[in-house]
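Visitor: Turn these sequences into a full structure, and let the hints guide you.
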Amino acid sequence: MNRREFLQVLAIAGAGGMTFPHPDAHAAQAAEAMYDVPRFGNVHLLHFTDCHAQLRPVYFREPNVNLGIGDYAGKPPHLVGEALLRHYGIRPGTPQAHAFTYLDFNEAARRYGKVGGFAHLATLVQRLKAGRPGALLLDGGDTWQGSATALWTKGQDMVDAALALGVDVMTPHWEMTLGAERVREIVDKDFKGKVAFLAQNIKTNDFGDPVFDPYVIREINGVPVAIIGQAFPYTPIANPRYFVPDWTFGIQEENLQQVIDAARGKGAQAVVLLSHNGMDVDLKLASRVRGLDAILGGHTHDGVPAPVPVKNAGGTTLVTNAGSNGKFLGVLDFDVKNGKVADFRYRLLPVFANYLPADPGMDALIRKVRAPYEQKLGEVLAVNRGLLYRRGNFNGTFDQLILDGLMQAQGAQIAFSPGFRWGTTLLPGQAITMEHLMDQTAITYPYTTVTQMSGATIKTILEDVADNLFNPDPYYQQGGDMVRVGGLQYTIDPAAGMGKRITDMRLGGKPLDAAKTYKVAGWAPVAEEARDAGGPPIWDVMAQWLRSTREVSARPLNLPRVRGMEGNAGIARDVANTTHRRTED
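Under our numbering, the first residue of the sequence shown carries the number 849, and numbering increases by one thereafter.
No wet-lab data here; the hints were simulated from the structure. From the three backbone atoms N, C-alpha and C, an ideal C-beta is built for every residue, glycine too. Among these hints, one or two may not hold up.
[Stated by the list, open to error] FRET-style restraints, in silico, Cβ to Cβ:
#, residue 1, residue 2, range
1, K1188, G1041, 29 to 35 Å
2, D1191, T1052, 37 to 43 Å
3, A1363, D1061, 51 to 57 Å
4, K1358, D1312, 22 to 28 Å
5, P1093, R1403, 37 to 43 Å
6, E1377, G1070, 54 to 60 Å
7, K1358, K923, 36 to 42 Å
8, R1403, G1041, 47 to 53 Å
9, D1312, R1421, 26 to 32 Å
[Stated by the list, open to error] The list that follows gives simulated cross-link-like pairs (lysine-lysine, DSS-like), each with its CA atoms no further than 25 Å apart:
#, residue 1, residue 2
10, K1224, K962
11, K962, K977
12, K1002, K977
13, K1132, K923
14, K1188, K1132
15, K1224, K1002
16, K1040, K1216
17, K1185, K1159
18, K962, K1216
19, K1216, K1307
20, K1114, K1185
21, K1358, K1348
22, K1002, K1040
23, K1042, K1114
24, K1114, K1188
25, K1307, K1348
26, K1159, K1188
27, K1159, K1042
28, K1216, K1002
29, K1159, K1132
30, K1042, K977
31, K1358, K1307
32, K1040, K977
33, K1367, K1307
34, K1037, K1002
35, K923, K1159
36, K1040, K1114
Guide: So, in structure tokens, the structure goes:
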């Protein structure tokens, strides 16, 4: 699809009733300006990551808390709101400001509409590929999990969509929660000869043999380009080990260097790591290995408008992260001369569904895969009167809803909900359907739990999760966001040492007793024993609770008091003030 064809499609869509965020006749031109990315150089890579099986457009609110600790404080990706806009020179009130921040979210979301959707992403991919001969489309993983249909089809809906989209290369994380046998089935059958499924850091337990190809070399406009795969290194820790009992993971920095050297030895003139490490890990990794021209990253869901250049013994590596939920598409152009990268251009493009007409073929595929489930997906469970979102270091309003529902349904004093980063957003007035609930809970280990825990055990759990999130060494950051907590209040100092971050734990205003036992509800346990116990799935518990509640009002977040983060650009001022007041009240 060339420039003229793209404008024609926009004009036809507008004539057919497609809405644009601007009420005037310049909407098509505004869209054209946003997606007009001139071709540069001779090597072209398109990158999306962490779509979490969202085939259709969604609302997605970026975090107002994304703290950086130690050397990573106040630097990308740990910038939120106005700090992010200032750093990148993005004008407030623009579509880009809405895409990259949480600011004025309700109003901006209604003005600019939903984001992502594979049919709209397909239109953008086609247009960019038409102007970039030989361009490769890279999928950074977390693609086969995150929606009801992905769960019910064991990822097949997303496999078919990825093939239709034209994905060339992929690396995994949540894919592994479908189980090793299912992953191998897709790679060996559906993807064979079509998609290179890469992971240099997945090996067999017994002899350390590679499970998947570590890299692939593709020629783009006469230039040999190596793409290396880096799966999420802590998969057996963050997710149940029993899904991949015979495979090992890890960062495997030394092995990565050997793979880079091998690719260079076979003639690669540009080498790129397709990574699911998370951006802080990628930033450290880029400083310690040589020979990588870029890291196209994922896992932490950071929408970072521009690459971070990192110096190392071999030169400079560009580090990027391309957001989540199909909301962004990264465009990396290299100019390779005399056997090496001489220059580059990079853009992270928001995928506004109102700006990009749906590709008919992809739209038809999505309708087909959803058809058997539409009635179940569309069941209205309750009416939502507030903004429901998940993303943020400490809590989100949808997580708060789950916590409240768990405590009431299970008769618990305290509730824990995992700090997952995936999960879509609902605007005030939207109905909460079964599909929306599954967007927050669709995993292969959904069991709910009720456990008697001592106050000392509760503190240990909070300390362990806090260290996974706030350890100053990124190589020890092994999880998602902070576990969400219902009923219990506490204070956290993210910059404190291990075992010393959590203080002043209170239940009902009274200090938590280390020796006393409390009833704690939770879900998504990683232990095999919890799977065998077989508690009811979280979506069943929450669906029943929502049906009985019927209407959900805006709920105050149970946030910890955060110490030592004054002036940190990764926490919004109003949030910092709110957490402070909550403890004093």
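Visitor: Hints numbered earlier in the text: which of these fail when held up against the supplied structure?
Guide: Numbers 12, 19, 27 - these are the hints that the structure violates, sorted from lowest upward.
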